[in-house]
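**Q** Construct the complete structure from the given sequences, taking the supplied hints into account.
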Amino acid sequence: MTDALLQERRRAAAPALDHLDWLEAEAIHILREVAGQCSNPVLLFSGGKDSVCLLRLAEKAFRPGRFPFLLLHVDTGHNYPEVTAFRDKRAAELGERLIVRSVEDSMRRGTVVLKSPGESRNKHQSVTLLEAIAEFGFDACIGGARRDEEKARAKERVFSFRDDFGQWDPKNQRPELWSLYNARIHPGENIRAFPISNWTELDVWQYIAREGLELPPIYFAHTRPVVRRNGALVPVTLLTPPLSGERIEEVSVRFRTVGDITCTAPVESVAATVEQIIVETAETTITERGATRLDDQISEASMEQRKTEGYF
Amino acid sequence: MSAREPLPGLQAEDHGLLRFLTCGSVDDGKSTLIGRLLYDSKSILADALATIERTSRKRGLEAADLSLLTDGLQAEREQGITIDVAYRYFSTGTRKYIIADAPGHEQYTRNMVTAASTADLAIILVDARKGVLTQTRRHSYIAHLVGIPHLVVAINKMDLVGYSREVFEQIQQSYHEFAASLGIRDVRFIPLSAINGDMVVERGGNLAWYEGPTLLELLETASAAHSEAVEKFRFPVQYVCRPRTAEHHDFRGYMGRVESGDIAVGDAVQVLPSGRTTRVRDIRLLDQSLPQAGSERSVTLLLEDEVDISRGDMIVKADEPPRSAKQIEAMVCWLAEGPLEAGRKLVVRHTTRETRALVAAIEYRQDINELKRVSGGRLAMNDIGSVTFKLAQPLFVDPYRENRATGAFILIDEATNDTIGAGMVV
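From first to last, the protein sequence lines are chains L and Y. Position one of the first sequence corresponds to residue 1 (the numbering used here), numbered consecutively onward. Position one of the second sequence corresponds to residue 1001 (the numbering used here), numbered consecutively onward.
I should point out that these hints are in silico values taken from the structure, not numbers from a laboratory. Backbone N, C-alpha and C define an ideal beta-carbon position, used for all residues, glycine too. Incorrect hints may appear among the rest.
In silico lysine-lysine, DSSO-like type, Cα no more than 30 Å apart, as pairs [claimed, not checked]:
1. L:Lys171 / Y:Lys1058
2. Y:Lys1326 / Y:Lys1232
3. Y:Lys1345 / L:Lys171
Chain Y residues, not near chain L, derived (Cβ > 10 Å throughout) [as the list claims (entries may be wrong)]:
4. Glu1166
5. Glu1169
6. Val1201
7. Glu1202
8. Ala1208
9. Tyr1210
10. Ala1222
11. Ala1268
12. Asp1305
13. Gln1366
14. Ser1386
Label pairs and their calculated CB-CB ranges [stated by the list, open to error]:
15. Y:Thr1094 / L:Glu93: 31 to 37 Å
16. Y:Glu1402 / L:Asn40: 36 to 42 Å
17. Y:Ala1246 / L:Pro187: 34 to 40 Å
18. Y:Asp1186 / L:Arg210: 32 to 38 Å
19. L:Ala134 / Y:Ser1274: 38 to 44 Å
20. L:Asp88 / Y:Asp1186: 53 to 59 Å
21. Y:Asp1250 / L:Ser252: 50 to 56 Å
22. L:Asn40 / Y:Pro1321: 34 to 40 Å
23. L:Glu82 / Y:Gly1266: 46 to 52 Å
24. L:Asp88 / Y:Arg1281: 34 to 40 Å
25. Y:Ala1360 / L:Glu93: 53 to 59 Å
26. Y:Glu1306 / L:Asn40: 25 to 31 Å
27. Y:Lys1390 / L:Arg210: 46 to 52 Å
28. L:Asn40 / Y:Leu1160: 56 to 62 Å
**A** In structure tokens, the structure reads:
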């Protein structure tokens, strides 16, 4: 058989990449570039679905070795207990070291000052994150942000440069060509790396299904007391009590994103399995953040604003 | 659900992923075209549409202005310009698409080069009333230079020329004339009206004389890069895995992505720069052992012999090595504010390897509007020209025309660490 024919035959045998294979291979490549170029990276792990995917990708990138980075969660102190329990369990299963730094510690230090006791602590995570970066000397933070989430993210680099103050300057980002990432920085500066930049919400759910990944239970339909406020379902909790005149209903809901209790709302759903969620996601008419993030509804530019202040 | 059944939300066949680029300015209806693709393929969700409708009404428009979908950052709105490449996503059920949307103005050559660097296909917008313009030639030149395999010329605003077949054919003719001079071969033409939706996703009722595919049909059937030519195996090592645990005491895995070609267990390989040869013992992806791996797969290679390999080395097939170069000639797109001049020292990053480099000579600058060469001198921001570099350490290169992964490099400023140039090996 001629060489050319042999080549041809092998090409036919090598299975073509489907879209999840391609996204997975790209994300693994990005994780390995972070490990190869940065001396002290950290992976931000909240227990949420995007960071659950990141951990799976890190296993594929680095096993049988240990991860070449620590895991970090910036805890607002207002997370659902199911999610923090899951976070700790997952880190333990992987045998990787998880560090938790708390916005409440920043409040005690006086570096975070709330305008009112009820103010959402979500945006204040930036301060605690920057403090953790300084404490450990991290030169790169790996995060699960996606470009389809929000329009300030649509122009984000895979390797996003942050200055000494942790600030994102959209006008001063490095051009990013091919898959040649530039993580060179001066001391004090920081790289934020986003391996699943090119994934959509649907891709994430399809990957969770394909890989059989476990998630915190609140991602699946469950009955919960809620009130309806400004078109969103607000869960009734100690932190988010009903306002006077609001009627409490028991509704079957699930969370599309899990974050700080005070700013994450569930959606009405009876989807109890990953497969049912995929069907709903494929058919939904509302964007992920539009439905569920009370903090992004305030103004068209609120994510952009938070990012310039050091948010991931 | 068993693992073999198709995933919900996807049909049985998954045609992978296609990355494409749209070139043109707002005036050509580029944003409207992207908006139309997203809208008609039902990729715009209700709340995003509601925001657009609100803004459109505020601006006194009757219908939703789909171009607002691609409106960018507050920082851009304040200045009334588009700063940057934006990435957008949609899926048809059989294929996932990544759109790189680059601003079209002359001063944004660097954005177009950036967006083009990862694209498999480029849509070049032409306003049917204006025909082939300087901008059209510039976009086509860059798309071709950056090695995009497929070009689609979308002749838009057909509604404003009475859906005339003659206008379409004239533009097609004049495009062919200059494209041939650039060596562009694979080019398709589609008449369309983005604003009315003719020939984008739906055929519409106005272009009955056109028998070719709609834009979306063309995207659905275009082959992604890597699937046509037979390419040589190139595996830049990103990371070396040596766990040194009791269970994996002797494990040495070379981690990276197959940038091109394919590799199978048993293949004879050569490691660069050492030149040592050995064979592939195993190809791993987590706990799977794969018989072979094709291009764009991230895997871990295990070799038969103990060879000293570190990040920045390249594993290739023993009988098809790349060129080991201490001097390279390249087409460079200059991205930085200050000019590039001969004598400058900088850092070249190529695959997973970095080396210091000296700009030995700038042979010519390419005038991308007139498509002619201007000899000597310097490159200003957004210029493209031919540059010779002397390298401190050898790089393992292929001509960019043959291999986009091993022919490409970026230039980094040693002092600021900024990415200041993009190069393609000649």
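**Q** Which numbered hints turn out to be false for this structure?
**A** none
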